[in-house]
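**Q** One-letter residues, chain by chain:
2 protein chains.
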Amino acid sequence: MIYPASLEKLINYYKKLPGIGEKNAERMALATLNFKEEDVDGFSESLKDVKEKIKKCSICGHLAEGEICSICADEARDHNMICVIEDYKSVFSFEKVGNYHGVYHVLNGLISPADNIGPDNINLASLVKRVEKLKKPELILALKSTVEGETTTLYIKKIFEKKDVMISRLSYGIPMGAEIDYLDIITLDKALEDRKKISE
Amino acid sequence: MIYPASLEKLINYYKKLPGIGEKNAERMALATLNFKEEDVDGFSESLKDVKEKIKKCSICGHLAEGEICSICADEARDHNMICVIEDYKSVFSFEKVGNYHGVYHVLNGLISPADNIGPDNINLASLVKRVEKLKKPELILALKSTVEGETTTLYIKKIFEKKDVMISRLSYGIPMGAEIDYLDIITLDKALEDRKKISE
Chain U
76 MIYPASLEKL INYYKKLPGI GEKNAERMAL ATLNFKEEDV DGFSESLKDV KEKIKKCSIC
136 GHLAEGEICS ICADEARDHN MICVIEDYKS VFSFEKVGNY HGVYHVLNGL ISPADNIGPD
196 NINLASLVKR VEKLKKPELI LALKSTVEGE TTTLYIKKIF EKKDVMISRL SYGIPMGAEI
256 DYLDIITLDK ALEDRKKISE
Chain S
76 MIYPASLEKL INYYKKLPGI GEKNAERMAL ATLNFKEEDV DGFSESLKDV KEKIKKCSIC
136 GHLAEGEICS ICADEARDHN MICVIEDYKS VFSFEKVGNY HGVYHVLNGL ISPADNIGPD
196 NINLASLVKR VEKLKKPELI LALKSTVEGE TTTLYIKKIF EKKDVMISRL SYGIPMGAEI
256 DYLDIITLDK ALEDRKKISE
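Heads up: the protein sequence lines correspond to chains U and S, in order. Under this note's numbering, think of the first position of the first sequence as 76, with each following residue one higher. Under this note's numbering, think of the first position of the second sequence as 76, with each following residue one higher.
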């Protein structure tokens, strides 16, 4: 055995983290040795805390400490505007941008007939119930542009189109700062199709 | 606040690890949420364990669980052959190679007059004492080829040269598999100087 037993064990735990191989795990474990006592205690406590405290928001499905998440609990936000996303990681992305003041709905998956995932297998029924309670609901569909994403977008559009719900999806187009010459043709085609008039 | 409090805290601890930025720390914290309960407990325990149990070997200065390290405690190893290294990470490198059966001595630094680090500031006195107790001591100096490394190598050579101690250093030369065309000139010069006769 190359490492002392307790160090070997810690290396193996670090290796369970995404993107961390042998070399990095070793480096991280050795760095842990140089942590202050209080940081090691805090880190150790923090791991258990996260696992214990974080549940899913009973309204939108986002991560929450307690029954509902901080976004659903925030009265300053527009609760009539719901951004529909595939998983909770998108919430963090939107919140980092900081320009969205509505709420979210986490589908926790996408419809995928090929994988036997139907509308009942994702968090859709609760969205329908949520929307029914709203006076002037607006849905922003922010799902990726794969077959599964498009299928789910179309399905949701169909559910709500007769119910006086305003529905939009994120725009497709050229990423800011991208070189047009290096863009894939599908994106370029979409950008052409969705072109925006700028003349008076 | 974008993240739930406990998650934010864990992200900040992950960020203390070497080479881990915001994005990776977030990814790691979210992955932790999907760990099995027992893994989180084990991970949490392991962090404290490493900090508590791992000390320095009283003989060689390498990491040890207990008074002396597993290498110094191993009677099958050649205790007359001591490989002198800058820090304990080198032990792991040599042990991975697996061809060295002597023991080690961790200097915990290198002589560096520019940084006010003299021979008394590194773990040298204990090396002298160790060597004095041996019958046919052999020292292998495995220090890097910087000014500090060379200074320390020369200093150690001077201490022991009148004491009937066999001293060697690692060879310099072309790394295995390297393209000669891309090699830095200093390495190439060393490789030329240290060339090895292969004719009969």
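Treat each hint with caution, since some may be false.
Put simply, identical chains are the same to the list, so a pair is met inside one copy or across any two.
To be verified - Here are the simulated lysine to aspartate or glutamate pairs, EDC-like style, with alpha carbons at most 16 Å apart:
#: 1; residue 1: K84; residue 2: E127
#: 2; residue 1: K233; residue 2: E120
#: 3; residue 1: K219; residue 2: D149
#: 4; residue 1: K265; residue 2: E225
#: 5; residue 1: K91; residue 2: E101
#: 6; residue 1: K204; residue 2: E113
#: 7; residue 1: K128; residue 2: E140
#: 8; residue 1: K130; residue 2: E112
#: 9; residue 1: K204; residue 2: E254
#: 10; residue 1: K271; residue 2: D162
#: 11; residue 1: K84; residue 2: D190
#: 12; residue 1: K164; residue 2: E113
#: 13; residue 1: K164; residue 2: E142
#: 14; residue 1: K131; residue 2: E120
#: 15; residue 1: K208; residue 2: E268
#: 16; residue 1: K238; residue 2: E142
#: 17; residue 1: K130; residue 2: E225
#: 18; residue 1: K128; residue 2: E254
Honestly, the hints are just simulated from the structure, not real lab data.
**Q** Against this structure, judge whether each hint is valid.
**A** Each hint tested on the structure:
no. : hint        : in the structure
1   : K84 x E127  : between (23 Å within a copy, 14 Å between copies)
2   : K233 x E120 : neither (47 Å within a copy, 51 Å between copies)
3   : K219 x D149 : neither (27 Å within a copy, 58 Å between copies)
4   : K265 x E225 : within (14 Å within a copy, 62 Å between copies)
5   : K91 x E101  : both (12 Å within a copy, 15 Å between copies)
6   : K204 x E113 : neither (47 Å within a copy, 36 Å between copies)
7   : K128 x E140 : within (6 Å within a copy, 34 Å between copies)
8   : K130 x E112 : between (29 Å within a copy, 14 Å between copies)
9   : K204 x E254 : neither (44 Å within a copy, 66 Å between copies)
10  : K271 x D162 : neither (30 Å within a copy, 62 Å between copies)
11  : K84 x D190  : neither (37 Å within a copy, 36 Å between copies)
12  : K164 x E113 : neither (30 Å within a copy, 24 Å between copies)
13  : K164 x E142 : neither (19 Å within a copy, 47 Å between copies)
14  : K131 x E120 : neither (21 Å within a copy, 26 Å between copies)
15  : K208 x E268 : neither (36 Å within a copy, 84 Å between copies)
16  : K238 x E142 : neither (29 Å within a copy, 74 Å between copies)
17  : K130 x E225 : neither (29 Å within a copy, 57 Å between copies)
18  : K128 x E254 : neither (44 Å within a copy, 54 Å between copies)
In terms of the numbered hints stated before, the structure departs from hints 2, 3, 6, 9, 10, 11, 12, 13, 14, 15, 16, 17, 18, listed from lowest to highest.
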